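Each protein sequence line maps, in turn, to chains A and B. Under the working numbering, the first residue of the first sequence is numbered 5, with each subsequent residue one higher. Under the working numbering, the first residue of the second sequence is numbered 30, with each subsequent residue one higher.
Hints may contain errors.
With the Cβ distance kept under 10 Å, some of the chain B side facing chain A (calculated, not the full set) [as the list claims (entries may be wrong)]:
no.: 1; residue: S38
no.: 2; residue: L73
no.: 3; residue: G131
Derived DSSO-like pairs (lysine-lysine); straight-line CA-CA distance at most 30 Å [claimed, not checked]:
no.: 4; chain 1: B; residue 1: K97; chain 2: B; residue 2: K87
no.: 5; chain 1: B; residue 1: K132; chain 2: A; residue 2: K44
no.: 6; chain 1: A; residue 1: K13; chain 2: B; residue 2: K98
no.: 7; chain 1: A; residue 1: K45; chain 2: B; residue 2: K98
no.: 8; chain 1: A; residue 1: K71; chain 2: B; residue 2: K87
no.: 9; chain 1: B; residue 1: K87; chain 2: A; residue 2: K45
no.: 10; chain 1: A; residue 1: K56; chain 2: A; residue 2: K75
no.: 11; chain 1: A; residue 1: K13; chain 2: B; residue 2: K97
No lab work stands behind these hints, which were simulated from the structure alone. Remember, predicted model here, so these are calculated numbers, not experimental data. Virtual Cβ for every residue (Gly too), placed ideally from N, Cα, C.
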Amino acid sequence: DTAVSQTPKYLVTQMGNDKSIKCEQNLGHDTMYWYKQDSKKFLKIMFSYNNKELIINETVPNRFSPKSPDKAHLNLHINSLELGDSAVYFCASSQSGPGYTFGSGTRLTVV
Amino acid sequence: AQSVTQLGSHVSVSEGALVLLRCNYSSSVPPYLFWYVQYPNQGLQLLLKYTTGATLVKGINGFEAEFKKSETSFHLTKPSAHMSDAAEYFCAVSDRDKIIFGKGTRLHILP
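With the hints as extra help, turn the sequences into a complete structure.
Next up, the structure:
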């Protein structure tokens, strides 16, 4: 069983569209995260949720809106996609204590 | 604020040679430190982590790292490189709320 699963794995879309990426974890963790990995492989945190509550909201355009319907799910919705949004988006989860479990990533390409 | 510096964006070693990937951190609190590996087109896998206790930490695939507080370092080593070690390696520090990643080091293995 996959611990942290993201869908879709690949997403190609046109500028201006709205898209969502879904993430689910079956580890029973309380905290979930979204990270963005740019073309230079740099990983930067975007959001974190703890038990459905937003904990971290880094400097991210408000076109990005996370939603956590329950503590096992954290989805990312992106409005009005731009070329610069092309990246790999990673979901992760953790329990109290150090270390995350990462999903396998969603490669978003905006054309 | 915590930060991580990885020295060398690319490191090349011959198969069978020692692998040394350098990482220095900055932290205002006792740090949790991590090394993650990312194989091409895959997610991040935890190699090892330091929380408290023994400063020499052993991880998967024969890797280990030593926490040196006086040098604020957490270098990753492996005695003998294998072709399958070719990947991107990320050092990271946790400030309890989130993990902050270094910019990564691409390890190349020469036959």
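Hint check results:
{"no.": "1", "hint": "S38", "result": "holds, 9 Å"}
{"no.": "2", "hint": "L73", "result": "holds, 4 Å"}
{"no.": "3", "hint": "G131", "result": "holds, 9 Å"}
{"no.": "4", "hint": "B:K97 - B:K87", "result": "holds, 15 Å"}
{"no.": "5", "hint": "B:K132 - A:K44", "result": "holds, 8 Å"}
{"no.": "6", "hint": "A:K13 - B:K98", "result": "violated, 40 Å"}
{"no.": "7", "hint": "A:K45 - B:K98", "result": "holds, 28 Å"}
{"no.": "8", "hint": "A:K71 - B:K87", "result": "violated, 37 Å"}
{"no.": "9", "hint": "B:K87 - A:K45", "result": "holds, 25 Å"}
{"no.": "10", "hint": "A:K56 - A:K75", "result": "holds, 5 Å"}
{"no.": "11", "hint": "A:K13 - B:K97", "result": "violated, 39 Å"}
Consistency note: the structure conflicts with the earlier hints numbered 6, 8, 11.
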